[in-house]
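One letter stands for each residue in the lines below.
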Amino acid sequence: MPDAENAFKVRLSIRTALGDKAYAWDTNEEYLFKAMVAFSMRKVPNRETTEISHVLLCNVTQRVSFWFVVTDPSKNHTLPAVEIQSAIRMNRNRINSAFFLNDQTLEFLKIPSTLAPPTDPTMPIWMIIFSVIFCIVIVAVMLLIFSGIRQRRRKSKGPSEVDDTEDKCENMITIENGIPCDPLDTKGGHINDVFMTEDERLTPL
Amino acid sequence: MAWAGGAEPHGDGRGDKRPAWDNKGQYLLSCLGFAVGLGNIWRFPYLCQTHGGGAFLIPYLIALVLEGIPVFYIELAIGQCLRRGSIGVWTAVSPYLGLGCLTVSFLVSLYYNTVLSWVLWYLLNSFQDPLPWSSCPLDINRTGAFEAECQASSTVSYFWYRQTLNITADISDNGSIQWRLLACLAASWAVVYLCVIRGIETTGKAIYFTALFPYLVLTIFLIRGLTLPGAVRGLIYLFTPNPGRGVQTLRNPRVWLDAATQIFFSLSLAFGGHIAFASYNPPRNNCEKDAVTVALVNSLTSLYASIAVFSVLGFKAANDHGNLLRLLNAFDLPDQSISRDDYAAVLAHLNATQPESVARLPLEVCQLEDFLDKSASGTGLAFVVFTEAVLHMPGAPGWAVLFFGMLFTLGLSSMFGNLEGIITPLLDLGVLRRSVPKEVLTGLVCLLCFLSATCFALQSGSYWLQVFDSYAAPLNLIIFAFFEVVGIAYVYGMPRFSDDIACMTGRRPGLYWRVTWKVVSPLLLLTIFVAYIAVLAWTPLSYRAWDPQYVGPLGATGSHFGPALAFPWCHTWQDGCPKLQEGGAS
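Chains A and B are the protein sequences, given in the same order. Using full-length UniProt numbering, read the first sequence as starting at 1 and increasing by one per residue. Using full-length UniProt numbering, read the second sequence as starting at 1 and increasing by one per residue.
Extracted from the complex, chain A is given alone in its bound form (with noise of 0.2 Å):
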């Protein structure tokens, strides 16, 4: 039967698919198999009368994998493979959903599965959010210039700050005699007390 002119191998990979929750593949989810083919032969017109019992499996091997055909009610010929392979497109949803899979897990070799159409939003996401991105640099980058002209507005408005003197290492500090020359013209002076007047001397009465 492999190869014959109107089966259909199938492979399914379930560990891939659930992981330890997979199921083991025995006579019962065969005969659930059978079911979901025939229930899919049924939609068709013409073949209302399909019963499980025209659903043919061989060759089960343990990858899992196996072939399958569907004869006719008089069980002497096999129905034509282009309504097969119609009616599992139109019902593979179903069919997936009752084994838990889906497209790559339950394979139909030679029956190719529909795709989806593909979906074209009016507006791609990735324009979306450049266009949020960029109205919100261009909001920040307006406001840090106002915030910056009225800073300087302020400033021009305001008192000139003094210019303090900073600790540069370049500080030109003159010296002359080995006494450094800042001191004599900024701190407060030192009284010398050779040129203390008089008076200063006696304490007042």
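One or more hints might be untrue.
Across the chosen pairs, the derived CB separations fall in these ranges [as the list claims (entries may be wrong)]:
#1 B:VAL232 / A:TYR23: 28 to 34 Å
#2 B:THR539 / A:MET123: 35 to 41 Å
#3 A:SER97 / B:ALA169: 42 to 48 Å
#4 A:GLY19 / B:ASN351: 54 to 60 Å
#5 A:THR16 / B:VAL232: 39 to 45 Å
#6 B:VAL519 / A:ARG150: 52 to 58 Å
#7 B:ASP173 / A:ARG42: 31 to 37 Å
FYI, nobody ran anything at the bench for these hints, they're computed from the structure. Glycine is no exception: its CB is placed at the ideal position from the N, C-alpha and C atoms.
Fit chain B to the known structure of chain A by using the hints.
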């Protein structure tokens, strides 16, 4: 000791107080952010693996100690001491050295931000499930088949080369402007402008996020990567030396050249950015400690990133089980019965029992080397290899957002350094009147850069970028760094420099510094320069092109020596303006 001359050290050219960092942390993070860039993620891991992992670290560390840290220290010290940008600082050596640094910073900003705009494009596209690079788009006629070009290569390559770049087959074929890339370019320049608008006042705030976020994401990726299956394989692959080479890697001069150039570009030396950052420091600051700290953290980051990257790459390799499926299907073996480790044994067994069936199977030779050969460095790593790896991780859009967000912030912090290397010297020169606010200058610079960079949004833009990246910047930077070190050690004078350092840090530079500055670093830089020229002369100048039929290198002559040639020229002819020899394929 009285100050004996040189440029006037007080304030800046505009007459008001020079801006300063809010705290030391901002300064360190800025230098670190500038040094740590995209190269740490996608250049170092590739080099590390190509030259046999553990063995590569030895020349890398030697180069760091003999070349990287000394030149870095010079830059920070001279910037902090003279408190000017690159042009002001090098007036004592040569006025055109600073101008050269500025020009290189400008050119690098152009193409660096273009790469950032690509990252931004991917980031914007990551906010959807399923990710757009996970599947091929349908044929134009929607007949049910996928696009031919996509099927011939892979979904990720197709998304990168066709849907993002829309690349042409040749550099001479310019194609049209890609308006999506142009919009992303405008957005990234807007973001850069937002952060640089008031100089270090604004970058100092932004740097907290842009410098620290990548470390957070790297840690997340590291933890996630190490828990993924196959990660350990990637790490073992990274650190084991190439089979049969072992210690011999050290005898290969190519390894030393790669290590020296990698440390040089990784620290972003000779751009003028570090000089600019240091010029905003208070004069009494221990720049020696800063230099050593930042350089070491930069190298550690490279190592950290390579572990994260390779654990994900190892996972990607382990995930590629096309061969396993073929074996299972052909011989109807139970689902998932062959694990990756059993593959070799099972294949041998089957080959022995049923050789004809095995021979008929289209089994690929799957090795980790294959991905890495398919350009797992540079843009190839980020946009092709890593994006594919992310597809297989559960919660792919989240990981993609994190990854591209990290790349964007990494690049952004480096851009700050590049732009400060341009803006600070211009401010010091006083190109605009004092009444004109700083925001105008930064705006003009960003606008000029954006307009100049629009050529990269052409269809052949990626090729131009490759040419720029390979030939325009590296040679010039090495020359500038050489002249920086020689200028300080011999023209400015070591005694004078030692005095300045003593004033700033509190003690004179030790023997190690003086020896490296006077002898070792200049020699090393000269050697690298000569070796680079030799390599350039030996191999035909080329760039990797995307041929819709086949990917292969095509020959081209590109521009290089642009700003550097101008420098000695101007010196001889006393010309005012350096003429840039910008050029395309000739």
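Here's how the hints hold up against the structure:
| no. | hint | in the structure |
| --- | --- | --- |
| 1 | B:VAL232 / A:TYR23: 28 to 34 Å | holds (32 Å) |
| 2 | B:THR539 / A:MET123: 35 to 41 Å | violated (47 Å) |
| 3 | A:SER97 / B:ALA169: 42 to 48 Å | holds (47 Å) |
| 4 | A:GLY19 / B:ASN351: 54 to 60 Å | violated (30 Å) |
| 5 | A:THR16 / B:VAL232: 39 to 45 Å | violated (23 Å) |
| 6 | B:VAL519 / A:ARG150: 52 to 58 Å | holds (55 Å) |
| 7 | B:ASP173 / A:ARG42: 31 to 37 Å | violated (59 Å) |
Comparing the model with each numbered hint stated earlier shows that hints 2, 4, 5, 7 do not hold.
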